[in-house]
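Given next are the chains, with one letter for each unit.
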Amino acid sequence: MDGSVPKNWPPPRPGPIAGEAGASDDALLAQIGAGDVAAWEAIIDRHLPAVSRYAAYVLGDNAQGEDVAQETFIRLMKKAQTWEANGSGLKSWLFRVARNLCIDYKRKKRPEPIENAEFIADPIDRHATDRRIDIANTMERALAALPEPQQTAIVLVHYEGFSGSEAANLLDISVEAVESLLARARRSLRQALQPDARELLGER
Amino acid sequence: MTDQIKPQIKPMTQDRIRELIEAYGAAPERWPGRERDLAMVFIATSVEAQDLLKEASALDTALNALPMSEPSPALRRSVLDAFTPPIPVAANENDGLVTTITQWQPRSNRSWHKAAAAAVMFGVLCGVGISQTFAPASTVVLAQQPSPDFNQLIVEPGLESNVAALSLGGELPAIMRDTAPQNENSNDDVGDDSDIPLT
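Protein sequence lines correspond, in order, to chains A and B. Okay, so the first sequence: first residue is 1 according to this note's numbering, each after it adds one. Okay, so the second sequence: first residue is 205 according to this note's numbering, each after it adds one.
The hints are simulated quantities; they were obtained by calculation from the structure and are not laboratory data. Among the hints, erroneous ones may be present.
To be verified - Not everything, but these chain B residues come out facing chain A in the computed CB check (under 8 Å):
{"#": "1", "residue": "228"}
{"#": "2", "residue": "249"}
{"#": "3", "residue": "267"}
{"#": "4", "residue": "270"}
{"#": "5", "residue": "274"}
Glycine is no exception: its CB is placed at the ideal position from the N, C-alpha and C atoms.
Throw the hints in and build the complete structure from the sequences for me.
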């Protein structure tokens, strides 16, 4: 380590979620309650990708993630007519519902992973020619092996642009607890990637 | 989304910088906004903090390698199809129990029974009216008066409509009631029906 600041630092801000601009979520939900299918489509385009991605990351399975995303939006459809703006926002509501569904899925489908479980790399990945794909596969498996609270924290903050306090609000914990979850998650990911750390993380 | 939890600003120290970077990674935009500027100033003057930042940046890069997948067209279509337009509820002046009962009924069957009841009432009224209006007066009288002396009764032509009208009310005109005793000599049991208790 030479102590110099990385050239790509600070990195570009994560892109906004699709459909960020335009009518507010509350306004769209009011229109949905009045039978406006275009508003429903706008809500889907705005939030479905993030919810689907979150569920897929947490469950480690795209198909199950899509099942969770679909169920989340079916529940939103039922909720739309009685939706009341309460300050926490639709985005938080969607992730809360999706998170609960993911927890149910995990409970039914497979045992809770052991914290800091050693990541076993798939030997097939070692032969991947595309380094980025190799890293992505490794990271996906490492992420899926994390305990659910750590998964949720890292996905919300790193991928979906939640602030620490927003994630704390969604998880019903303190900001300090969120930071602790994030730090443990990142430590676990680093350990999981350790066998390939030199290649994947650029460590010397 | 608003920050509902306002954490106290912690003094910017090497430990706090470590906490921030270990939790949020190397991207300052993920750090708490209230600490961001102080943290960046601190990092600029701390070699140790810059080392931490570099390590975190490598992990961020690995995390960013995960594809930001879009939902499949099939998922989007199925979620779009989940749209169910609300069923408009007509304004109801009744409140409380009446409203509750009305809303409890299956929505698809809300109006048919009213139409059916109206149709039945209309049919009964029309049927009775037509039968009473167009039936020969003698037929009406014969039903009530099988007496051979019927022909001697004087039935004024204008009285037919009154017969029909009063029959609906269950009351015979005086001219009919006067002929009732003539049933005593008849073998017809019709006149005794009123004495048979209904079961």
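### Query
Hint by hint, which ones does the structure fall short of?
2
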